[in-house]
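Trainee: Those protein sequences? They're chains V and S, same order as listed. Under our numbering, the first sequence has 469 at position 94, and the numbering climbs by one with no breaks. Under our numbering, the second sequence has 52 at position 32, and the numbering climbs by one with no breaks.
Check before you lean on any hint, since a few could be wrong.
Said to hold, decoys possible - Output of the computed footprint for chain V on chain S, the stretches with three or more beta carbons under 8 Å from beta carbons of chain V:
{"id": "1", "region": "65-72"}
{"id": "2", "region": "246-255"}
{"id": "3", "region": "276-289"}
No lab work stands behind these hints: they were computed from the structure. Predicted, not measured: the structure shown is a model, and the values here were computed from it. Positions of the beta carbon are idealized from the N, C-alpha and C atoms, including for glycine.
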Amino acid sequence: MSYETFRYPGLNLGRAHPEAHDAAETLMFGFWVFMMSDAILFGMVFGTYVIQLDATAGGPGPRDIYDIKSVLIQTMLLLASSFTFGMASLSNKHKGSPPRLLAWLVVTLLLGVGFLVFEVRDFLSMFDMGAVPSRSGFLSAFFDLVPLHGLHVTCACIWLICLVGQIARYGLDTDVKLSVMRLALFWHFLDIIWIAIFSVVYLAGLA
Amino acid sequence: MNAAAIIEQPLGRLGMDSLPFWEMLQHPTEENLINGFIGGGAACVVVIGIVVVCALITFFGKWRALWSEWLTSPDHKKIGIMYVVVALVMLARAVIEAILMRLQQAVGLGGGFLAPDHFAQLFSTHGTIMIFFMAMPFLIGVINYVMPLQIGARDVSFPVLNSISLGLTAAAAMLVMVSLVIGQFSTGGWFGYPPYTETAFTPDVGPDYWIWALTLSSVGTTLTGINFAVTIYKERAPGMTLMRMPLFTWTALCTSILMIFAMPPLTVATAQLALDRYLGFHYFTNALGGNMMNFMNLFWLFGHPEVYILILPSFGIYSEVVATFSGKALFGYRSLVLATMTIAVLSFTVWVHHFFTMGQSANINAVFGIASMLIGIPTGVKIYEWMATMYRGRVRLTVPMVYAIGFILLFVLGGITGIILANPAIDYQVHNTVFLVAHFHNVAIPGVLFGLLAGYHFWFPKVFGFRLDERWGMISALCWLFGFMLAFFPLYALGLMGLPRRTVAYFNPAYQPLEIVAFLGALLIGCALLALLIQGWVSIKHRNENRVFAGDPWDGRSLEWAVSAPPPEYNFPVLPVVNDADAFAAAKEFGVAYQQPDEFVDIKLPRNSAMGPVLGGLGFVMAFGLVWHIWWLVIVCALGTLAAIIVRGFARDTVQTVPASVVKEEHGRWLDAVQHAAAISRAAECDPANEGLAEQGAAGATS
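Just need the whole structure built from these sequences, with the hints factored in.
Mentor: Put into structure tokens, the structure is as follows:
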């Protein structure tokens with residue numbers, strides 16, 4: 376492979392670091408492929424949800440349990456976190472200064488955790504209403520799809536915390552840079568999934 | 021789950037009644053005694069096997085070597101070998117189960133000796149093992165070993181991930197083995213249809229063993245698929261364009277793509293079934309809005325592409341074998357590539373044919389029936405091209421070639437019965453009979469298994485540096501071929517006579533003669549397995565006469581034959597530059613094979629990592645805890661897994677260097693051996709004279 380043709384756009388290392396670019400190329404491509412597989416996973420769960428929409432078995436339906444205000448707050452938090460991660464990616468590429476990158480990462484983490492807090496609060500209030508997954512096929516499907524996304528966000532937050540630890544330990548070495556790039560992709564991917572959840576689950580459910 | 025429950029029941033559901041022989045000792049009826057001895061005996065074999073292996077390793081003082089040279093090795097070659105070892109062990113178990121089932125049916129007129137529940141476990145484990153723990157590890161192992169060599173790479177893209185995939189697969193296989201000793205396996209067949217596998221109908225641990233074994237293996241396989249696809253896209257040697265890749269690599273690519281897209285539906289299906297069973301969800305239950313058809317769709321959305329995940333690599337192996345042993349380039353390479361891709365795409369459009377009778381409209385059935393028949397077209401193209409490759413070639417009837425020719429003859433029959441079954445109107449008549457069993461064994465055994473065995477014989481000299489014994493190989497191959505015919509052709513007739521599949525006993529005496537013939541076939545297959553074992557023993561004993569260190573015993577065509585046998589750890593001292601399809605054949609033809617490179621450079625290789633065995637071990641224990649509801653164990657293992665992944669993220673010194681001087685020295689030794697080896701003609705390739713150097717010129721066939 377000629378290194379000139381494969382300079383990875385997320386890195387700003389120049390010709391002096393051909394191996395870093397080459398490693399980035401393979402790693403990032405592998406991560407894209409992984410996300411493709413993950414997207415299929417979500418696709419299947421979305422499919423199950425849509426099929427099970429009417430299977431409320433006399434229990435609560437979408438209109439009874441969805442709280443659009445809370446969901447809108449969650450959406451805004453997550454969209455804002457995508458923007459802040461974008462800023463983190465820019466400082467990963469251009470500034471090369473750990474404090475700035477760290478600051479953006481921490482802001483992103485807080486927004487992500489905020490999203491999770493609101494989501495869990497929603498779930499708990501649904502439980503209070505008797506809308507538990509074992510109540511009906513519809514609720515089973517809901518509690519598979521939305522928490523699956525939440526679980527992904529949780530994993531991404533843990534990853535983020537570990538990254539902060541790695542930056543504290545090693546500074547901005549190549550591994551950290553590549554890890555930030557992959558987590559950024561993952562974070563935006565989860566945002567896209569959330570937009571699908573927002574549209575298919577919440578907006579369509581309340582329409 | 022709460023704290024009190026954890027303290028009160030530290031071992032969850034695990035109790036004395038989970039042990040083998042227990043039922044038999046408590047209720048010693050004749051039936052319980054027979055089934056207890058068979059089940060308990062099998063459990064003893066597993067336990068004794070493990071004890072003997074551990075004792076031997078201790079006796080020879082090999083624990084350290086096992087850990088540092090094998091289990092933690094990121095080398096794709098060693099990982100490939102370990103995959104195949106797992107596959108062969110599981111093959112032995114599943115074949116023995118098959119013989120037992122055929123024996124039961126041979127004497128099953130009005131009863132037989134196996135309890136229905138025991139019989140159901142046998143067909144469930146047989147199917148699960150053959151698909152997930154024999155065929156999958158076998159083909160992944162072969163791809164692992166051969167594909168990076170064929171594309172001129174040093175390793176796969178993510179070597180440690182590769183080792184993790186192996187760990188997860190081995191953990192899953194181990195879980196199935198443990199179910200033989202502690203508790204019991206599922207009785208719901210290899211596809212575990214709910215609502216039967218829901219808690220309401222099967223509250224015991226069987227389906228849980230099945231769920232977690234499949235979940236572990238599907239995660240491992242998804243990661244493998246990603247790894248292989250990225251490797252083929254990113255690690256090819258300079259000049260190795262896609263259309264210069266050997267056909268086996270092409271099939272590996274298609275299989276990997278299928279794995280990436282087809283494994284997630286299985287993960288979703290087993291996870292949702294687990295949620296039903298563990299947390300009282302209602303995905304597939306009868307009550308409260310559950311919908312079992314979701315499971316059928318999810319499972320077969322995986323299950324049908326899975327069929328092609330299994331068979332495409334074998335098609336690739338046959339392509340290599342037929343071309344090599346006909347001494348010709350593959351006929352119609354481009355259309356074979358196209359046919360492979362077509363099959364991969366079409367495989368996603370036919371899943372409904374697994375449940376034509378489950379209530380969808382006739383129009384839907386018609387669409388999926390036609391789509392299923394379409395697959396016959398690219399497959400037919402392949403059959404003709406393998407035959408055209410042999411046409412006017414100098415065909416040598418070696419063991420792999422016997423498998424390949426047997427495959428072509430038998431697979432056509434299996435394919436035709438597939439076309440018959442693809443017609444929904446006919447399917448309504450024969451579905452759930454042993455006609456179907458005969459059909460899928462007729463494609464799976466000649467298609468998948470014979471291919472893998474052909475690959476085993478074909479590449480064994482490359483892997484271990486000596487040829488396998490031809491005589492015992494031939495005996496084994498013929499036993500497989502005729503054993504298969506005897507065991508499964510009668511089932512076509514029995515199916516048309518109306519014998520349902522998975523029947524433990526029957527009451528129509530007309531079935532019995534054919535059942536007995538099928539049992540004899542199963543015995544012959546048992547002999548084939550035995551012959552394979554003997555072959556291994558004889559070959560190891562005579563390994564020094566049959567060495568092929570020069571590396572090219574069959575006058576091979578692709579790059580894996582251009583290195584020593586076994587290949588050095590870094591595969592190629594200098595990455596090859598490819599100018600042609602059939603790179604090594606071209607190099608030999610133009611007299612530029614076996615070159616001394618101008619200069620050697622240091623080679624960077626990944627360091628060993630304990631991630632594979634650690635994650636595999638934790639996965640196994642966690643799954644065991646989940647099966648038996650030992651919650652503290654599950655929590656500990658989950659935290660351990662998380663901790664291991666986090667610690668790995670902090671690892672930095674992950675690369676080791678092989679100095680150029682070492683590479684130069686090893687390469688020089690090999691070139692020296694090549695120089696001193698006698699070039700042999702194809703007539704002598706199965707003689708001890710074969711040192712792995714092929715005579716050029718005289719052997720050529722019209723091409």
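Trainee: Would you mind marking each hint as holding or not holding in the structure?
Mentor: Hints, verified against the model:
{"no.": "1", "hint": "65-72", "verdict": "violated (count 0)"}
{"no.": "2", "hint": "246-255", "verdict": "holds (count 7)"}
{"no.": "3", "hint": "276-289", "verdict": "holds (count 7)"}
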